[in-house]
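Colleague: Sequence:
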Amino acid sequence: MRHVISVLVENHFGVLSRISGLFSARGFNIDSLAVGETEDPTISRMTIVVRGDDRILEQVMKQLNKLIDVIKVHDLTKKEFVDRELILFKMNVDSKQSPGVEEFLKKFPVKVLSKEDGLWTIEMTGDEKEIGEVLEFLKPFGIEEMVRTGKIAMAK
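Counting from 79, one number per residue, gives the positions in the sequence shown under my numbering.
Worth flagging that the hints you see were computed from the coordinates, not collected in a lab. Treat the hints with care, since some could be wrong.
Subject to a maximum C-alpha distance of 16 Å in a straight line, what follows is the list of computed EDC-like cross-link-like pairs (lysine to aspartate or glutamate) [unchecked claim]:
id: 1; residue 1: 229; residue 2: 208
id: 2; residue 1: 229; residue 2: 205
id: 3; residue 1: 168; residue 2: 180
id: 4; residue 1: 140; residue 2: 153
In this text, all values refer to a predicted model and were calculated from it rather than measured experimentally.
Given only the sequences and the hints, what does the whole structure look like? Please build it.
Modeller: What follows is the structure, encoded as structure tokens:
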């Protein structure tokens with residue numbers, strides 16, 4: 079099972095390293111990790127997605143709470159929350175395909191940032207399912223390059 083954990087931490091040098099080290103030292107793989115400043119510049123929020131059963135989650139939560147720089151840990155998995163990811167990608171679209179691709183993209187929160195020589199640069203913000211649908215549709219066109227943020231999440 080995938081768990082989404084939100085962690086408020088002191089915004090200090092080395093905090094990310096200590097937290098990611100905690101996961102690697104215990105053999106836990108992080109599927110996604112996003113960190114950013116909150117409304118208080120002295121505090122950052124980390125959104126961590128990790129796979130494992132409830133026992134693994136409980137162990138992770140206990141270990142996180144022991145770290146000095148950690149303020150608060152929330153397991154969002156069984157709560158209602160909103161989540162988003164940002165993806166940027168480049169793909170080849172020839173002039174014959176262009177109308178169909180544009181029509182498809184209108185269904186999603188997508189921005190076409192540039193169309194140069196048949197190479198489109200596209201930005202999308204959405205949940206994992208939406209991004210997956212768009213990527214699946216566009217795969218046959220040939221995605222040349224892709225970069226994706228980790229999941230960010232907030233309890234409702």
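Colleague: Look at each hint and say if it fits the structure.
Modeller: Verification of the supplied hints:
Taking the CA atoms of residue 229 and residue 208, the gap is near 13 Å; set against the 16 Å cutoff, the hint holds. Restraint check for residue 229 and residue 205: satisfied, since their Cα atoms lie roughly 8 Å apart, inside the 16 Å limit. Simply put, residue 168 and residue 180 have alpha-carbon atoms about 14 Å apart, close enough for the 16 Å limit, and the pair holds. Between residue 140 and residue 153 the alpha-carbon distance is near 12 Å, which keeps this suggested pair within the 16 Å criterion.
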